[in-house]
Amino acid sequence: MIDICTFAAGLSRQLAGLTVPSERAKHRMMETWHPLGVVGVISAFNFPVAVWSWNAALALVCGNAVVWKPSEKTPLTALANQAIFERVAKKFGGIPKGLATLLIGDASIGQLLVDSPLIPLVSATGSTAMGRAVAPKLAARFARAILELGGNNAAIVTPTADLDLTLRAVAFSAMGTAGQRCTTLRRLIVHDSIYDQLIPQLKKVYGSVVVGDPSEPTTLVGPLIDERSFNAMQKALADARTSGATITGGDRVLSKENPEAFYVRPALVEISTQTDVVKRETFAPILYVLRYKDFADALALHNDVPQGLSSSIFTMNLREAEQFLSATGSDCGIANVNIGTSGAEIGGAFGGEKETGGGRESGSDAWKAYMRRATNTINYGTDLPLAQGVSFDIG
Amino acid sequence: MPARLPPTTPNLYASHKPTMTIKHEVEALLTQLGVPATAYTNGNLTARSPLTGEVIAQLPTITAADATKAIAQAHAAFLEWRTVPAPKRGELIRLLGEELRTQIEPLGRLVTI
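From first to last, the protein sequence lines stand for chains S and L. For the first sequence, the working numbering begins at 857 and goes up steadily by one. For the second sequence, the working numbering begins at 8 and goes up steadily by one.
Everything labelled a hint here was simulated from the structure, so no lab data went into it. Accuracy of the hints is not assured; some may be wrong.
What the hints assert, rightly or not - The calculated label-pair distances, taken between Cβ atoms and stated as ranges, are:
1. THR888/S - ALA83/L: 21 to 27 Å
2. THR119/L - GLY1204/S: 22 to 28 Å
3. GLU98/L - GLN1053/S: 38 to 44 Å
4. GLN1053/S - ALA35/L: 47 to 53 Å
5. ALA83/L - ASP1020/S: 53 to 59 Å
6. LYS30/L - THR875/S: 57 to 63 Å
What the hints assert, rightly or not - Each computed PhoX-like pair below joins lysine-lysine, with the alpha-carbon atoms no more than 25 Å apart:
7. LYS1210/S - LYS1224/S
8. LYS947/S - LYS30/L
9. LYS30/L - LYS929/S
Here a beta-carbon is modelled for each residue, glycine too, at the ideal position from N, C-alpha and C.
One chain only, chain S, in its complex shape (with noise of 0.2 Å):
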């Protein structure tokens, strides 16, 4: 969150259009950049005040107004961030009223700022279903969207991965924050010839980090926000289960300490094919594991899935990273080399491709999303020439 606000303060006065060449003589073409309205906000629990920032920072410096609602399960950060901006715009020495605006309420709320001819701009965070039902709404009044919706992300695990970084980076990204990131890392396609030394090591980790209070300095994996998260998990254990696949962890803990909360234990699932489980989003810590022999196998598997968030390679060997990165390579939004998926830095674009939603936030040049385009011609001559040599003479 301070991140963004560094980046965005600094972004205030680079807020810049082109000067294009003009085919015509003493006339000079360029483009200037708007604000554009107000932005709706709608974020989702995982991230429950980072997301506003990311958005909110951008779309003030903008020149924007801000109408956020936040996820109804995590209401209580949005209103102390509420308060942290307002006693921010008084030391500015006072904003427009309501510039930027928080609204506490349901889905129905949410739907309103869709259905609002007053904003041209919604960006939305959260389950791709939330963007199947946002999207066409915001088409039929041809108002922008910025989608950020569910990932399948990935990494390829190749012979001459450095394993020991691997598999750092592999558990931070598979059970970091419960799995519960747009980011987390859910499928790991493996290498034949180096399965059985990465995977036993890694089953060792799954089966050793701490679950439990995450103010404690040792939990690596706090819980899952709520029932309806662990009954998905569980449920995907079990279609997984089904196709054959072998399970390590997934069980509930502490439901004796804490009956109302939801801990369980990250689940590291081997599964011989790309079975439907395996492509669809399950919000919870589960590393479905597949092998491969042959590195097109293993990026065709790696673009099968109907997600396009974040991806990695982990790899010693140029031609197969530089593949990973090039047009026929990852077709995801984030594209890593020996770095986990997840725990994106702010100076870049941030979003991805198909059921991700396309949208794209935060860093690089993410702004111009938030902001009017205008082309201007000017002519500083006496005569008047039209484009593409027009001839238009009334005598």
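Starting from the structure of chain S, add chain L where the hints point.
Below, chain L without anything else, positioned relative to chain S:
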């Protein structure tokens, strides 16, 4: 192949050892962050902590009519804000970053619980 993660520990499960209930801690944090109690009591939206599953607040929710008014208000704010020079708008966000830096502990703790 030495695994550096995770630290080996005999106790695989860290159970919450409360010095006060999560509800009380949340109230203390929200007060510290400047949120009035009226914003999270006696409402119809139930907030729970995923740590224990306990109810930590009951938030009043906005009606559709009031939300529509708020959107109109935001639009009026936009009409004014768009005339403020962009680097001046950047100053607001710079100050926000500064304030977040000072509040990072209570806000981070609130996100955790």
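To see whether the hints hold, each was checked on the structure:
{"no.": "1", "hint": "THR888/S - ALA83/L: 21 to 27 Å", "result": "holds (24 Å)"}
{"no.": "2", "hint": "THR119/L - GLY1204/S: 22 to 28 Å", "result": "holds (26 Å)"}
{"no.": "3", "hint": "GLU98/L - GLN1053/S: 38 to 44 Å", "result": "violated (54 Å)"}
{"no.": "4", "hint": "GLN1053/S - ALA35/L: 47 to 53 Å", "result": "holds (49 Å)"}
{"no.": "5", "hint": "ALA83/L - ASP1020/S: 53 to 59 Å", "result": "holds (58 Å)"}
{"no.": "6", "hint": "LYS30/L - THR875/S: 57 to 63 Å", "result": "holds (59 Å)"}
{"no.": "7", "hint": "LYS1210/S - LYS1224/S", "result": "holds (21 Å)"}
{"no.": "8", "hint": "LYS947/S - LYS30/L", "result": "violated (31 Å)"}
{"no.": "9", "hint": "LYS30/L - LYS929/S", "result": "holds (15 Å)"}
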